[in-house]
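Q: Sequence:
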Amino acid sequence: MEQFPVSLVILNGKGANNDILRSAVKVMRDEGYTLHIRVTWEQGDAIRYVKEASSLGVNTVIAGGGDGTINEVATALAQLAPENRPVLGILPLGTANDFATSIGIPQELDKALQLAIVGKGVPIDLVQVNESAFFINMATGGFGTRITTETPEKLKAALGGIAYFVHGLIRLDTLKPDRCEIRGEDFEWQGDALVIGIGNGRQAGGGQELCPQALINDGLLELRIFTGEELLPAIFKTLTQPDDNPNIIDGRSSWFEITAPHDITFNLDGEPLTSQKFRIDIHPNALSCRLPPNCPLLG
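Numbering (full-length UniProt numbering), first residue to last: 1 to 299.
Just so you know, the hints here were simulated from the structure itself, not pulled from any lab data. Note that the structure is predicted; figures quoted are calculated from it, not measured. In this text, a Cβ means the ideal position worked out from N, Cα and C, and glycines have one as well. Hints are not guaranteed to be accurate.
Each pair of labels, with its calculated beta carbon distance range [what the hints assert, rightly or not]:
1) Q79 with S275: 19 to 25 Å
2) R279 with K26: 41 to 47 Å
3) Q213 with K111: 26 to 32 Å
4) P212 with R29: 37 to 43 Å
5) H262 with I20: 44 to 50 Å
6) E83 with E185: 29 to 35 Å
7) V39 with P106: 20 to 26 Å
8) H283 with K51: 15 to 21 Å
9) S54 with G191: 46 to 52 Å
Full structure from sequences and hints, please.
A: Okay, here's the thing in structure tokens:
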């Protein structure tokens, strides 16, 4: 008798009542696939469910939610011994879905679920920040981070990814650059940063491509710094003159260290982390993820 893979689906509670997803789950079950469904309600649920995965004998743990949910599930998977680590699958159910969009996950939930169950598992990198934080897509600091962390949930629910842009325009007059120093392999810079993007993936903040050359399996991080003394003129110049722009600093390294004379906040796939010092290291091939055949972020 043919053995079908077993999957554990961890759903963010906000997306648990999605009728399209319910129908897609039923179709896959009718075809013979075993799907265990778990719903998160509070911090730590995803970690507990990933630990449960080994006892259920699952081949794949599927993160159903936005970038924050994917981050939480990927971080929990990284804590497991490699020989007991299921493959990561992705269901885009969040507001922005930056990582899912950039790696080419279908927006149609039935197609995304099928890919998450039977797609080819590909080794990808995971990024550690300081001692216990991780990200799979991108860390953003400065202006963009304050916008994404402060955008009201009701605004995101009503407008989707454009909510970040709208809230950013509202807050422009109150936001200032961050003074910091950034070091990496053959890279050193210090000054006033409006936006800092450190990418394993390419986009954040609801579709903003901050690190356009990043790959998720090359063992390297892409760094992009937007600089400028005055926030509003610098942002408009960056948007209208992206090529050979003196306000854009790029770097590449397997690690970066960031220090600042004051607290700054980085958004790690939707999870804020505040400190005056950050050590960011990439872990090559830390996870296996079910990706579409022509994923644009693979080298």
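Q: Is the gap between the beta carbons of H262 and I20 within 44 to 50 Å?
A: holds, 46 Å
Q: Is it true that the C-beta distance of S54 to G191 lies inside 46 to 52 Å, as the hint says?
A: holds, 47 Å
Q: Please check whether R279 and K26 have a Cβ separation lying inside 41 to 47 Å.
A: Between R279 and K26, where Cβ atoms are some 46 Å apart, the hint holds.
Q: Return holds or violated for the Cβ distance of V39 and P106 against the range 20 to 26 Å.
A: holds, 22 Å
Q: Within 15 to 21 Å: is that where the Cβ-Cβ distance between H283 and K51 falls?
A: At roughly 20 Å between Cβ atoms, K51 and H283 fall inside 15 to 21 Å, so the hint holds.
Q: For the range 37 to 43 Å, tell me whether the beta carbons of P212 and R29 fit it or not.
A: Hint holds: Cβ distance 40 Å, inside 37 to 43 Å.
Q: Note whether the CB distance of Q79 and S275 lies within 19 to 25 Å or breaks it.
A: The hint (19 to 25 Å, Cβ to Cβ) holds, given that Q79 and S275 are roughly 22 Å apart.
Q: Is the hinted range of 29 to 35 Å satisfied by the C-beta distance from E83 to E185?
A: holds, 31 Å
Q: How does the Cβ-Cβ distance of Q213 and K111 compare with 26 to 32 Å: does it lie in that range?
A: holds, 28 Å
In this structure, every one of the numbered hints holds.
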